[in-house]
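A.B. asks: These protein sequences, in sequence, are chains G and B.
To convert, note that position 159 of the first sequence is 159 in our numbering; the numbers rise steadily by one, no gaps.
Just add 1000 to the spot in the second sequence (first one is 1) and you have our numbering.
Source of the hints: derived by calculation from the structure; they are not laboratory data.
As the structure is a computational prediction, the values presented were derived from the model and not from experiment.
Accuracy of the hints is not assured; some may be wrong.
[Stated by the list, open to error] Keeping only pairs whose Cα atoms sit at most 35 Å apart, straight-line, the calculated DSBU-like set for lysine-lysine is:
{"no.": "1", "chain 1": "B", "residue 1": "1071", "chain 2": "G", "residue 2": "45"}
{"no.": "2", "chain 1": "B", "residue 1": "1187", "chain 2": "G", "residue 2": "221"}
{"no.": "3", "chain 1": "B", "residue 1": "1236", "chain 2": "B", "residue 2": "1187"}
{"no.": "4", "chain 1": "G", "residue 1": "225", "chain 2": "B", "residue 2": "1092"}
{"no.": "5", "chain 1": "G", "residue 1": "127", "chain 2": "B", "residue 2": "1187"}
{"no.": "6", "chain 1": "B", "residue 1": "1219", "chain 2": "B", "residue 2": "1263"}
{"no.": "7", "chain 1": "G", "residue 1": "276", "chain 2": "B", "residue 2": "1219"}
{"no.": "8", "chain 1": "B", "residue 1": "1071", "chain 2": "G", "residue 2": "276"}
{"no.": "9", "chain 1": "B", "residue 1": "1236", "chain 2": "G", "residue 2": "166"}
{"no.": "10", "chain 1": "G", "residue 1": "291", "chain 2": "B", "residue 2": "1187"}
{"no.": "11", "chain 1": "B", "residue 1": "1092", "chain 2": "G", "residue 2": "273"}
So the chains spell out like this:
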Amino acid sequence: MKLRMLAVLLAASLFSPRLPAQEKEQGTVIDEVTMYVSPDATSQKLARATRGRNVPLVMDRTTISKQAWAHVLIVVDVDLERETERQITGWVPSKMVITTATPNGAEIIFGEAADSESQAQQRGGRKHAAEDAMRLYYRIYEYFPNSPLAGEALWRAADIRWQLEKSDVRMRPSSREMDPNMRDSMDDQNMKLVIKKFSHSKWADLASFDLIDNKLCGSWKGETKCPDKEAELYEKYAREHPQSPKAAEALYNAAWRMGALVEMYKTQHEQDKAEKARRRGVELAQEVASKYPEGDWKPRATELMYALQQGISTYDADQARGK
Amino acid sequence: MVNLWKQAGITLLILSAAGCFAADKEHATVIREATLYVSPGANSTTIAQAERGSGMVVLERTDADNQPWLKVFVTLEQAPQTREVTGWLPGKSVITTSTPNGDQVVYGQAVDSEHQAEERGGRKGAAQDALRLYSRMAELFPGSSLAPESAWRAADIRWQLARNDFGKPLETRFATAEKYIQDVIAKFPQSRQADLAAYDLLETKLCPDWNGLTDCPLKESAIYEQYAREHPQSTKAPEALFKAAWRQAAVTDIYRINNNLDKSEAARRKAMALAQEIATKYPDADWKPRASDLIYKLDQRIPVFSAAVDAGETK
């Protein structure tokens, strides 16, 4: 009996935080804020919290001298390399905290995220604006999962992280390794989360396209197996995601790799294989031009088709082999 | 007198012959960098390199090395000078006005070059290649459905290159590029491309530095608002309205810092009205959330200008 009681109590303690969690006021900060020991700007400063930091709990609110304050628990980074975090409690101006209780909260956070993303793309834009945008987008998914913006927000958060890691991976010497398993990969956890949570959506299609990056050769080193495998990956993507905004690009990438194979086989004096690759390249480019007549992909495919038909080189195989 | 008439007649004859030469001959360009030779055949002496998008006139055709060769008169734009040379080159990379789908092929190579220019480690000179190819495409195929977009993209690339030409003072930097932007507006009035071209031109009216005063942001806000009113269908209209609203929000902060509270409140209300207009008129894309964020900040009196200055932001 005592054992059963204990089990019930244990279960209650495990599941009980979930119920109040839904009622808890949670959110993020939309500007860089200073945390204070008490609700007073002259009191001791505790820390600075940057945009998008996780506010898992708003504990209290008060108004002093017409200024509204919120007593919050904020998660801040301690060591970026080791990805260690620390939770700090303190007082911040209430207006900087957007929570699940803020009217139009998801849209305000999304707007601040889009603003940070735009800053990150500008020459001389705010430092670490990309990281701010990534955190802000993620909070929308985390705290406003039912918002119509949630899917796009999670995708954007995942894509920013992906692009940052990609640029980091490219700087390493291992990035030139032919075998993708021989170099560092981008962390695919968030991309997989997009696919799982928003399956069959535009965002899932975009996430699947990004994931191809991890399977590409760092460098072809003149080996035909790389463009051959990559063409297959891109074509498979286009067949499995025909509605994706990236389908035309994927099919074009497959066709372009066939064009590269033509040159590679020619330098190896394998005319039959070169001709086969040329025909396949033309077929794929024709498919792009007929299936996706809008935008830039049709003219790009037409140009590729023309080059393949006229025997114009689309890839410098000798240069790629280091000759 | 008779001699004078005779001389004038001969001059006219020469001029009209030159005109016919240009009009009768097939105009063309190259979609790959091509070597010009003295005679047809890759073994002959080389004369020059013709870059992608170079303008040329086809003078003669023949076959050599089992492939067609063309004798062309090429204009090579190698800044600061322009060279005009005649030579032979392989016909396969030459696109003429009679090439089937020639407009698509040249445009496709222009897009490819533009893409190269944007890529880390992309081909050197790819932006200039794209510029030449887009402008040549509009020139060779003026009736193509891609011509307005091509002309606009060429003008815009020229504009972007001018913006980054830090060797020139800001006042004269856009002088040449502006002519091409104006051409797009004149040639394709009421088009999407004309709207975009008009938006680029606003940049010449912006202050290099506000110096913490209200004159500049007020003037710029009016310029952006005017653009949004005059080009409501433009893809840049919500952005222009947002910029007008953001500048009013900045003015709110500047007036408040100077203790001019009435003017600060008036600017705040104007910024609110503009931001609300974005949220209702342009519900798609990022501008609605960005406007909602600005509305929240204005409503809560969160400074936008001083915070932006501290962080070194520009909008």
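A.B. asks: Please write out, lowest number first, the hints stated earlier that are contradicted by the structure.
C.D. replies: Violated hints: 1, 2, 5 and 7; rest satisfied.
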